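Enquirer: When you get a sec, could you build the whole thing from the sequences and use the hints?
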Amino acid sequence: MKNKISLLLFTAGVIIVAMLRPLPVLAGDFKLIANSSLKADTISTEELKKIFLEESSSLSDGTHVEPVLESDGPVHQAFLQQCLGRTSDDLQTCYRALVFTGRGSMPKELSSDAGVVAYVARTRGAIGYVSIATSTQGVKTLTLSDSKFNPQRRVIRRIEPEYPETLRRLNISGTVRLRVTISARGNVEQVELLGGNPILGESAISAVRQWLYTAGHSRDLIEVSIPFDPRSKFFSGPASHPRQV
Amino acid sequence: MRRRIVGLAFFCVSLCAKSVTLQAQEFKLFDRTVQVHGYVSQGFVFTSDNNWLTMDTSSGSAAMTDMALNASSQVNDKLRVGAQVYDRNLGQLGQYHPSLDWAFGDYRFKSWFGIRAGKVKTTLGLHTDTQDLDFLRVFALLPQSIYPVDLRDATIAHLGGDVYSNISLKHGLGELSYTAYAGHRSDSIYSGYAYFLSQFATYLKSYGGLQYGVDLRWRTPVKGLQVGASRLDEDITGKGVGVSPFNYAAGVQPYYESSKADWENQVYGEYTLGKLRIDAEYRRYWRKQQVFNGTSEDLTDVRGWYVSGAYRISKRLQFGSYYSRYTVTNRTAGLLATLAIQATDTSLPQNHDYDKVAAVRIDLKRFWNVKLEGHFMNGYGDAPYPNGFYPQVNSHGFSTTTNALVVKTTLSF
Chain A
14 MKNKISLLLF TAGVIIVAML RPLPVLAGDF KLIANSSLKA DTISTEELKK IFLEESSSLS
74 DGTHVEPVLE SDGPVHQAFL QQCLGRTSDD LQTCYRALVF TGRGSMPKEL SSDAGVVAYV
134 ARTRGAIGYV SIATSTQGVK TLTLSDSKFN PQRRVIRRIE PEYPETLRRL NISGTVRLRV
194 TISARGNVEQ VELLGGNPIL GESAISAVRQ WLYTAGHSRD LIEVSIPFDP RSKFFSGPAS
254 HPRQV
Chain B
180 MRRRIVGLAF FCVSLCAKSV TLQAQEFKLF DRTVQVHGYV SQGFVFTSDN NWLTMDTSSG
240 SAAMTDMALN ASSQVNDKLR VGAQVYDRNL GQLGQYHPSL DWAFGDYRFK SWFGIRAGKV
300 KTTLGLHTDT QDLDFLRVFA LLPQSIYPVD LRDATIAHLG GDVYSNISLK HGLGELSYTA
360 YAGHRSDSIY SGYAYFLSQF ATYLKSYGGL QYGVDLRWRT PVKGLQVGAS RLDEDITGKG
420 VGVSPFNYAA GVQPYYESSK ADWENQVYGE YTLGKLRIDA EYRRYWRKQQ VFNGTSEDLT
480 DVRGWYVSGA YRISKRLQFG SYYSRYTVTN RTAGLLATLA IQATDTSLPQ NHDYDKVAAV
540 RIDLKRFWNV KLEGHFMNGY GDAPYPNGFY PQVNSHGFST TTNALVVKTT LSF
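Chains A and B supply the protein sequences, listed in that same order.
Converting from the first sequence to the working numbering requires adding 13 to each position, the first position being numbered 1.
Converting from the second sequence to the working numbering requires adding 179 to each position, the first position being numbered 1.
With a Cα cut of at most 25 Å, we get these calculated SDA-like pairs of lysine to any residue:
1. B:257 <-> A:71
2. B:384 <-> B:414
3. B:207 <-> A:131
4. A:153 <-> A:196
5. A:62 <-> B:489
6. B:257 <-> A:76
7. B:494 <-> A:95
8. A:121 <-> B:547
9. B:454 <-> B:486
10. B:257 <-> B:354
11. B:257 <-> A:136
12. B:207 <-> A:49
13. B:349 <-> A:98
14. B:418 <-> B:511
15. A:62 <-> B:346
16. B:349 <-> A:67
17. B:257 <-> A:74
Derived coverage of chain A by chain B (criterion: at least 3 residues anywhere in the stretch with Cβ under 8 Å from a Cβ of chain B; other residues may be distant):
18. 63 to 71
19. 100 to 114
Simulated from the structure, these hints should not be mistaken for lab results.
Fair warning: this is a prediction, and the values are worked out from it, not measured in the lab.
Each residue gets a CB set at the ideal place from its N, CA and C atoms; glycine is no exception.
Expert: Dropping the structure here:
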């Protein structure tokens with residue numbers, strides 16, 4: 014019998030050594046997305062935590078919600094660490110406890126950003142997260158109302174957009190909504206038109222590309238609204254404080 | 180045997196090396212998604228001395244298998260339904276007689292309030308409802324002072340209803356959650372207590388009764404710290420046949436026993452910090468039972484506590500350890516007092532079981548783990564109430580100490 018135990022321990026030792034690998038490094042950022050059925054534009058970290066831990070299946074306004082996960086990768090890890098304060102293994106343990114006691118289901122898990130966006134777009138109440146570079150056409154983005162890890166950025170160099178002469182003459186006004194990706198150093202990396210007149214949008218994008226923000230700890234994503242009013246010589250935008258996404 | 184172990188090890192390593200996946204299944208029924216999940220686990224136990232958990236462990240026993248399969252569906256925003264079938268074999272227990280583990284409807288009126296009705300897992304302390312699910316934790320066996328695997332039926336589920344709620348406290352004081360329940364407990368006749376009685380030529384045909392209780396837990400403002408308390412009351416009746424120890428000449432007669440008082444109090448705490456998890460629980464089980472058709476009374480006072488710690492070294496490797504302490508006292512009255520020795524001294528090995536445990540868990544795949552666990556036990560706590568050590572499988576008597584090696588592997592999807 015001693016031989017049997019020695020053999021078992023030896024086999025276990027071999028497996029342990031083979032399995033010793035470092036934990037994946039956390040990296041990257043994410044944005045929250047939701048099905049368009051959700052009325053809310055913002056969500057608190059606490060609410061998000063309850064939804065993803067299946068402690069709650071609705072928002073404070075009563076809307077039904079359903080969490081959607083990415084299988085793995087830096088976006089998944091960043092989301093878990095920043096929003097849920099859990100590791101992937103902890104989260105799986107939590108879901109399994111629910112599944113095998115009948116108190117919850119295993120949430121939908123998808124292997125790519127595009128897959129998450131597509132699923133969220135077609136599933137009522139779905140909430141997920143994707144990398145900031147992912148196109149989010151067909152879904153709405155949610156803002157974390159109490160973000161601690163995505164501090165507000167302040168514009169320190171702003172270039173006012175030019176009013177396209179034709180539109181000014183025709184007295185066409187409007188507000189352009191942009192999603193701006195800011196590097197940790199404060200440079201604008203990417204600008205995406207979210208809404209508004211496309212010609213005004215083009216002008217706003219070329220101006221915002223030259224803006225400079227205060228430095229931060231990581232790359233940030235904010236929303237900027239720029240009003241165009243032909244009666245004013247200069248544009249006073251952004252109309253509101255930049256919104257975190 | 181050696182060849183089989185080598186073969187098994189080789190099989191395991193080769194499975195590890197290949198890209199094998201095991202995934203939950205989903206299908207549509209009446210336009211609703213139904214999820215199907217299951218698990219199967221196999222254990223091997225070798226003990227240095229006493230036979231443990233009704234197995235022939237001193238020769239090495241693999242009679243430790245359990246499995247479950249469930250299906251559940253979110254019918255609408257508020258209602259979910261599901262059921263799980265469970266089956267096990269643990270030495271002389273279970274014997275592969277499947278049972279309905281849980282089957283209920285869960286209606287959540289509000290995000291913070293709901294009810295469950297049907298056969299529902301009992302909420303008692305940290306792990307009662309998940310005690311079968313070893314893949315949730317590092318340990319192959321939970322501390323036996325509080326979660327005796329041979330007596331799982333006693334607390335695992337009730338046929339009735341739960342009311343549950345989560346309340347966020349103001350001023351950042353954390354969150355309170357409670358579960359109140361009432362229902363009927365029904366033990367398998369292949370459970371530890373029935374097996375325990377069989378040593379007295381008494382064979383249960385049914386054992387169960389009313390069970391009601393409440394669990395209150397507080398997620399404190401201290402990050403990762405949760406504390407709670409549970410109370411469970413029962414009114415249990417057992418029926419069967421047996422030979423009365425007071426009148427052998429009468430032969431096999433109907434047997435019954437019933438509760439005069441039966442309750443459990445449990446307090447617990449859980450602390451998680453990154454990859455570290457620490458649990459501690461204390462349970463007192465008080466049982467005053469009228470036995471042998473009302474001719475005798477049996478008063479049992481079981482006290483157990485443990486402290487456990489677990490640490491994740493890497494994604495695939497976790498270590499854990501616990502110290503578990505079990506004591507039992509027993510007094511009898513009526514006819515039984517003339518036959519039974521009063522058990523009052525918990526320093527005697529028959530009235531306690533102190534267990535030091537070290538464990539390692541290896542996640543070969545996300546759905547597959549292997550555990551190695553060493554138990555170093557002092558005492559066998561068998562005298563008045565079952566606790567892992569049974570005279571039927573220890574016919575030569577008990578040794579004071581028992582060392583055990585538990586190897587367990589579980590596949591789940």
